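Using the hints, position chain B against chain A.
Quick note, the sequences are listed as chains A and B, same order. Heads up, the first sequence is in my numbering, so the first residue is 1 and it goes up one at a time. Heads up, the second sequence is in my numbering, so the first residue is 1 and it goes up one at a time.
For the record, the hints were derived by calculation from the structure and aren't laboratory data. Please read these numbers as outputs of a predicted model, since none were measured by experiment. Wrong hints could be hidden among the right ones.
[Claimed, not checked] In the DSS-like style, the derived pairs of lysine-lysine whose C-alpha atoms are separated by at most 25 Å in a straight line are:
#, chain 1, residue 1, chain 2, residue 2
1, B, Lys293, B, Lys199
2, A, Lys36, B, Lys125
3, B, Lys148, B, Lys183
4, A, Lys22, A, Lys56
5, B, Lys313, A, Lys17
6, A, Lys17, B, Lys199
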Amino acid sequence: MSQLDNLYREVIMEHYKHPRNKGLVGGPGYKSFHIKNPSCGDDITIETKVEDGIVKACHQEGTGCSISTASASVMTEIMTGKTLEEAKNIANNYLKMVHNEEYDETIDLEEAEAFSGVRQFPARTKCASIAWQAFLNTVSEE
Amino acid sequence: MADKFQKEFPQLKPGHSYLDSAAMSLKPECVIGKVDDYYCRLSVNVHRGLYPESIEASALYEEARAKIARFLNASKDEIVYTRGTTNSLNMVTRFLTGSLKEGDEIITSELEHHSSFLPWQALAKSKGLILKFVPLDQDGRITVDNFKKVLSAKTKIVALTYVSNVMGYITPIEEIIGLAHEKGALVIVDAAQAVPHFKVDVKAIDADFLAFSGHKMLGPTGIGILYGKKALLDKLEPVEYGGDMIDDVGKEVSSWKKPPYRFEAGTMPIAEAIGLGEAVTCLNRYGFDNISKKEKLIHETALRELAKIDGVKIYNPGADTAIIAFNLENIPSHDAVSFYAEKGVSVRAGQHCAELLADWLGIASSLRASFYLYNDVEDALRLAEVTKQAIAYFRNLGF
Numbered sequence: 001m002s003q004l005d006n007l008y009r010e011v012i013m014e015h016y017k018h019p020r021n022k023g024l025v026g027g028p029g030y031k032s033f034h035i036k037n038p039s040c041g042d043d044i045t046i047e048t049k050v051e052d053g054i055v056k057a058c059h060q061e062g063t064g065c066s067i068s069t070a071s072a073s074v075m076t077e078i079m080t081g082k083t084l085e086e087a088k089n090i091a092n093n094y095l096k097m098v099h100n101e102e103y104d105e106t107i108d109l110e111e112a113e114a115f116s117g118v119r120q121f122p123a124r125t126k127c128a129s130i131a132w133q134a135f136l137n138t139v140s141e142e
Numbered sequence: 001m002a003d004k005f006q007k008e009f010p011q012l013k014p015g016h017s018y019l020d021s022a023a024m025s026l027k028p029e030c031v032i033g034k035v036d037d038y039y040c041r042l043s044v045n046v047h048r049g050l051y052p053e054s055i056e057a058s059a060l061y062e063e064a065r066a067k068i069a070r071f072l073n074a075s076k077d078e079i080v081y082t083r084g085t086t087n088s089l090n091m092v093t094r095f096l097t098g099s100l101k102e103g104d105e106i107i108t109s110e111l112e113h114h115s116s117f118l119p120w121q122a123l124a125k126s127k128g129l130i131l132k133f134v135p136l137d138q139d140g141r142i143t144v145d146n147f148k149k150v151l152s153a154k155t156k157i158v159a160l161t162y163v164s165n166v167m168g169y170i171t172p173i174e175e176i177i178g179l180a181h182e183k184g185a186l187v188i189v190d191a192a193q194a195v196p197h198f199k200v201d202v203k204a205i206d207a208d209f210l211a212f213s214g215h216k217m218l219g220p221t222g223i224g225i226l227y228g229k230k231a232l233l234d235k236l237e238p239v240e241y242g243g244d245m246i247d248d249v250g251k252e253v254s255s256w257k258k259p260p261y262r263f264e265a266g267t268m269p270i271a272e273a274i275g276l277g278e279a280v281t282c283l284n285r286y287g288f289d290n291i292s293k294k295e296k297l298i299h300e301t302a303l304r305e306l307a308k309i310d311g312v313k314i315y316n317p318g319a320d321t322a323i324i325a326f327n328l329e330n331i332p333s334h335d336a337v338s339f340y341a342e343k344g345v346s347v348r349a350g351q352h353c354a355e356l357l358a359d360w361l362g363i364a365s366s367l368r369a370s371f372y373l374y375n376d377v378e379d380a381l382r383l384a385e386v387t388k389q390a391i392a393y394f395r396n397l398g399f
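So here's chain A without its partners, still in its complex pose (with noise of 0.2 Å):
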């Protein structure tokens, strides 16, 4: 049994070997956003299409670790029908949630509930975090 085990939950494992959502398509309508941390070389890149105030599509693409490549492909699928209100409040209460700061329960983080082990391993916050940073970016003037 290793303090690892928290960090490295099933749901997540399954993501990294399998992302989801993943490639840009680019063209009218998608946004993206580009985050890099150059300390460990994890390389994301979301694009998002909103129309009428719904989330439309989210794609990633990019390279990393297994947290920032799961957490990219969780939020895409999380994000994806979603109206612009429920995903930045999703967003911003996970982002809470990984940074081991008070977040509202309440509202369902459906499998990206999987990373509240992050909590404990204060060096992968990043990690887990720059994928939703990069969608709320994407969102940002919607």
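Only chain B this time, still in chain A's reference frame:
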């Protein structure tokens, strides 16, 4: 069983291996004591006061400078205190800005730490200078032959690392400096990874400028050195203005003290400078022969043990200094490093402030284990054992 080196480092913990000395060395009690003594007993400024505490502080500050000068075979007025290697190298760039013109060439390499590369890249961009990269050989080394390929009559600056902070290779700097001088170029040496590990003689290698940090050589943080040849420093204008560096101040014109004081504006890190002097005393007491012998044994042990493990990729098996850059196959370095941390092995993961080298190696990031005099063979064995466990752990998860 702790040896004579280890007993002096209160940060060492049984069962833990600190393997990140290329980023920051631990500090021995004697250095901590000197810093503490300055703050407890003196805590006053240098060069200004006429009271006994200030006179003593000034004497300690200048004795440390003299000690550092002897350590490098330099003279006292060639030793400028700075905030560290980064500060030193940025200062040199600013010193030389005025003497460079469009089309002049700067020789650098993909082995450089960002602080030895970015100041020149920024200057090149603003002044239309041309950056030339020494082609690295198949192992990632800077060689004299490859240096000759980029050296030309247009070369004005050669800014190279003495020892790579990722690959641990020693650059044939003496020969390179000789060749550069034949073309009239100035050579700036990033010696941050050299000075802590072997005797650096600035006269023997004939460096024009040479920079290093205190915190990688048993000294405090926030202090470093810029060595500059006296004849060069004498001609240079200050890059910072303020207290203590002036000779005479007037409404129209002012004049500056002689080097090195001209380059030390404002209150300097006094305790840290004194602490760095003590670090030099400490290194002299241990002796570089002993330090090298110990580092070599640990390094060889680690390489031998890691080579036995399936799934370990070592990028610099031929390193000249005790640094190992490696990855565990299919395990991103940031995942691996969490496992090492849990098992009490402090290694570094990432690009190590040398992104050009990561690109050259074709990797996003790597792990780095670096050893220093307070490590021992146990640390090498623990590194290998935890590496085995890490691979088994992540393979079991499906990596």
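Against the structure, the hints:
no. : hint                : result
1   : Lys293/B / Lys199/B : holds, 14 Å
2   : Lys36/A / Lys125/B  : holds, 23 Å
3   : Lys148/B / Lys183/B : holds, 11 Å
4   : Lys22/A / Lys56/A   : holds, 15 Å
5   : Lys313/B / Lys17/A  : holds, 22 Å
6   : Lys17/A / Lys199/B  : violated, 49 Å
Of the hints listed earlier, the one the structure fails to meet is number 6.
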